[in-house]
Amino acid sequence: MDKLSKKLKKLEKEFDRNPNAALRNSKILKRAAKLQAKIDERDRRI
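Heads up: the sequence shown begins at 17 in this note's numbering, then just goes up one per residue.
Read the hints as simulated data drawn from the structure, not as lab findings. All of these numbers come straight from a predicted model, not from anything done at the bench.
Restricting the straight-line Cα-Cα distance to at most 27 Å, the calculated cross-link-like pairs of lysine-lysine (BS3-like) are:
hint, residue 1, residue 2
1, Lys29, Lys19
2, Lys46, Lys23
3, Lys50, Lys23
4, Lys25, Lys50
5, Lys50, Lys29
6, Lys29, Lys46
7, Lys19, Lys43
8, Lys29, Lys54
9, Lys43, Lys54
10, Lys26, Lys46
11, Lys19, Lys46
12, Lys26, Lys50
13, Lys54, Lys26
14, Lys46, Lys22
15, Lys54, Lys23
16, Lys43, Lys25
17, Lys46, Lys25
18, Lys43, Lys23
19, Lys43, Lys22
20, Lys50, Lys22
21, Lys50, Lys19
22, Lys43, Lys26
23, Lys54, Lys25
24, Lys19, Lys54
25, Lys54, Lys22
26, Lys43, Lys29
The calculated label-pair distances, taken between Cβ atoms and stated as ranges, are:
hint, residue 1, residue 2, range
27, Glu57, Arg33, 25 to 31 Å
28, Lys19, Lys43, 15 to 21 Å
29, Lys22, Lys43, 17 to 23 Å
30, Lys29, Ala53, 16 to 22 Å
31, Asp56, Phe31, 17 to 23 Å
32, Asp32, Arg61, 27 to 33 Å
Using N, Cα and C, we set each Cβ at its ideal position, and we do this for glycine too.
Could you build the full structure based on these sequences and the hints that come with them?
Right under this line is the structure:
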């Protein structure tokens, strides 16, 4: 489990705990989207 995946997991956990707050707090969603993009990018290179 690498660092990016761990961060994403953490964000997902945060989201699951309180989806409404997470939706209001788009910063969390943006961070998650950025992380996901980084992971996708890295996976494409491998």
